[in-house]
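Using the sequences and the hints, build the whole thing.
These protein sequences, in sequence, are chains E and A.
So that you can map any letter, position 81 of the first sequence is 81 in our numbering, and since no number is skipped, the others follow by simple counting.
So that you can map any letter, position 7 of the second sequence is 120 in our numbering, and since no number is skipped, the others follow by simple counting.
Treat the hints as calculated values from the structure; they're not laboratory data.
Any given hint might turn out to be false.
Said to hold, decoys possible - Straight-line alpha carbon distances no greater than 20 Å define the calculated DMTMM-like cross-link-like pairs of lysine to aspartate or glutamate that follow:
hint: 1; chain 1: A; residue 1: 195; chain 2: A; residue 2: 143
hint: 2; chain 1: A; residue 1: 182; chain 2: A; residue 2: 166
hint: 3; chain 1: A; residue 1: 219; chain 2: E; residue 2: 83
hint: 4; chain 1: E; residue 1: 67; chain 2: E; residue 2: 42
hint: 5; chain 1: A; residue 1: 116; chain 2: A; residue 2: 164
hint: 6; chain 1: A; residue 1: 126; chain 2: A; residue 2: 143
hint: 7; chain 1: E; residue 1: 3; chain 2: A; residue 2: 151
hint: 8; chain 1: E; residue 1: 45; chain 2: A; residue 2: 139
hint: 9; chain 1: E; residue 1: 57; chain 2: A; residue 2: 214
hint: 10; chain 1: A; residue 1: 116; chain 2: A; residue 2: 143
hint: 11; chain 1: A; residue 1: 175; chain 2: A; residue 2: 192
hint: 12; chain 1: E; residue 1: 45; chain 2: A; residue 2: 143
hint: 13; chain 1: A; residue 1: 175; chain 2: A; residue 2: 151
hint: 14; chain 1: E; residue 1: 56; chain 2: E; residue 2: 83
hint: 15; chain 1: A; residue 1: 182; chain 2: A; residue 2: 139
hint: 16; chain 1: E; residue 1: 45; chain 2: A; residue 2: 214
hint: 17; chain 1: A; residue 1: 126; chain 2: A; residue 2: 170
hint: 18; chain 1: E; residue 1: 3; chain 2: A; residue 2: 172
hint: 19; chain 1: A; residue 1: 183; chain 2: A; residue 2: 172
hint: 20; chain 1: E; residue 1: 3; chain 2: A; residue 2: 170
hint: 21; chain 1: A; residue 1: 116; chain 2: A; residue 2: 185
hint: 22; chain 1: E; residue 1: 67; chain 2: E; residue 2: 27
hint: 23; chain 1: A; residue 1: 182; chain 2: A; residue 2: 143
hint: 24; chain 1: E; residue 1: 45; chain 2: A; residue 2: 151
hint: 25; chain 1: A; residue 1: 219; chain 2: A; residue 2: 139
hint: 26; chain 1: A; residue 1: 116; chain 2: E; residue 2: 42
hint: 27; chain 1: E; residue 1: 45; chain 2: E; residue 2: 58
hint: 28; chain 1: A; residue 1: 183; chain 2: A; residue 2: 139
hint: 29; chain 1: E; residue 1: 56; chain 2: E; residue 2: 78
hint: 30; chain 1: A; residue 1: 116; chain 2: A; residue 2: 151
hint: 31; chain 1: A; residue 1: 219; chain 2: E; residue 2: 42
hint: 32; chain 1: E; residue 1: 67; chain 2: E; residue 2: 93
hint: 33; chain 1: A; residue 1: 116; chain 2: A; residue 2: 135
hint: 34; chain 1: E; residue 1: 56; chain 2: A; residue 2: 214
hint: 35; chain 1: A; residue 1: 183; chain 2: A; residue 2: 135
A quick note: this is a predicted structure, and the numbers were derived from the prediction, not measured.
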Amino acid sequence: QQKVQQSPESLSVPEGGMASFNCTSSDRNFQYFWWYRQHSGEGPKALMSIFSDGDKKEGRFTAHLNKASLHVSLHIRDSQPSDSALYFCAASEHSGYAQGLTFGLGTRVSVFP
Amino acid sequence: DMKVTQMPRYLIKRMGENVLLECGQDMSHETMYWYRQDPGLGLQLIYISYDVDSNSEGDIPKGYRVSRKKREHFSLILDSAKTNQTSVYFCASSPGHTNTEVFFGKGTRLTVV
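Below you can see the structure in the form of structure tokens.
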């Protein structure tokens, strides 16, 4: 079973709209989360990390973490065609030690005009 | 321009042949990684390296070995490639040994026939 689960698998959002998707860890050791984005033919690129409960905003992107439920969400406001990509949630056990990330299967976002 | 470079980008090998995937980074990052990406399985960690000759197994190391003789280079070796090793392989790096942003290369698409 995937330790990091993402939903939905895919979604379509109109240009200028809000895209929202979710991530849950089934392993309570995984408490530190990242969001990565991968465009077709490219490697994943980090969008943001979230290690503390609550919201974290970076530009048009807002992440929310609930550590009690190990639930993370990402919201993209004013979606642009360039936001069309595969979005990965990634988790790790430590905030201060690099051990490799455990990735979910991703949510594919399509922004249509 | 900070980047992780992978060579070659595409590779076709016959079953039983040896495969060498090479990776370089120009950011003087201490930590480097090899992941593979497969549909339905997402990104899986093969090996992590904390510095020259300091390598640790990831989640799926079987059938692979690595070599890191210089901080900026990290190689993935498949001895006697198998068809189930057909995948897209990503090299990545991160600064220090803490849980910071991981920078990915563009990947190598390996087909074993």
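Hint-by-hint comparison with the structure:
{"no.": "1", "hint": "195/A <-> 143/A", "result": "violated, 31 Å"}
{"no.": "2", "hint": "182/A <-> 166/A", "result": "holds, 6 Å"}
{"no.": "3", "hint": "219/A <-> 83/E", "result": "holds, 18 Å"}
{"no.": "4", "hint": "67/E <-> 42/E", "result": "violated, 31 Å"}
{"no.": "5", "hint": "116/A <-> 164/A", "result": "holds, 18 Å"}
{"no.": "6", "hint": "126/A <-> 143/A", "result": "violated, 31 Å"}
{"no.": "7", "hint": "3/E <-> 151/A", "result": "holds, 16 Å"}
{"no.": "8", "hint": "45/E <-> 139/A", "result": "holds, 17 Å"}
{"no.": "9", "hint": "57/E <-> 214/A", "result": "holds, 17 Å"}
{"no.": "10", "hint": "116/A <-> 143/A", "result": "holds, 14 Å"}
{"no.": "11", "hint": "175/A <-> 192/A", "result": "holds, 11 Å"}
{"no.": "12", "hint": "45/E <-> 143/A", "result": "holds, 19 Å"}
{"no.": "13", "hint": "175/A <-> 151/A", "result": "holds, 16 Å"}
{"no.": "14", "hint": "56/E <-> 83/E", "result": "holds, 19 Å"}
{"no.": "15", "hint": "182/A <-> 139/A", "result": "holds, 15 Å"}
{"no.": "16", "hint": "45/E <-> 214/A", "result": "holds, 9 Å"}
{"no.": "17", "hint": "126/A <-> 170/A", "result": "violated, 24 Å"}
{"no.": "18", "hint": "3/E <-> 172/A", "result": "holds, 12 Å"}
{"no.": "19", "hint": "183/A <-> 172/A", "result": "violated, 24 Å"}
{"no.": "20", "hint": "3/E <-> 170/A", "result": "holds, 18 Å"}
{"no.": "21", "hint": "116/A <-> 185/A", "result": "holds, 11 Å"}
{"no.": "22", "hint": "67/E <-> 27/E", "result": "holds, 12 Å"}
{"no.": "23", "hint": "182/A <-> 143/A", "result": "holds, 12 Å"}
{"no.": "24", "hint": "45/E <-> 151/A", "result": "holds, 17 Å"}
{"no.": "25", "hint": "219/A <-> 139/A", "result": "holds, 15 Å"}
{"no.": "26", "hint": "116/A <-> 42/E", "result": "holds, 12 Å"}
{"no.": "27", "hint": "45/E <-> 58/E", "result": "holds, 15 Å"}
{"no.": "28", "hint": "183/A <-> 139/A", "result": "holds, 12 Å"}
{"no.": "29", "hint": "56/E <-> 78/E", "result": "holds, 17 Å"}
{"no.": "30", "hint": "116/A <-> 151/A", "result": "violated, 23 Å"}
{"no.": "31", "hint": "219/A <-> 42/E", "result": "holds, 5 Å"}
{"no.": "32", "hint": "67/E <-> 93/E", "result": "holds, 13 Å"}
{"no.": "33", "hint": "116/A <-> 135/A", "result": "holds, 14 Å"}
{"no.": "34", "hint": "56/E <-> 214/A", "result": "holds, 16 Å"}
{"no.": "35", "hint": "183/A <-> 135/A", "result": "holds, 12 Å"}
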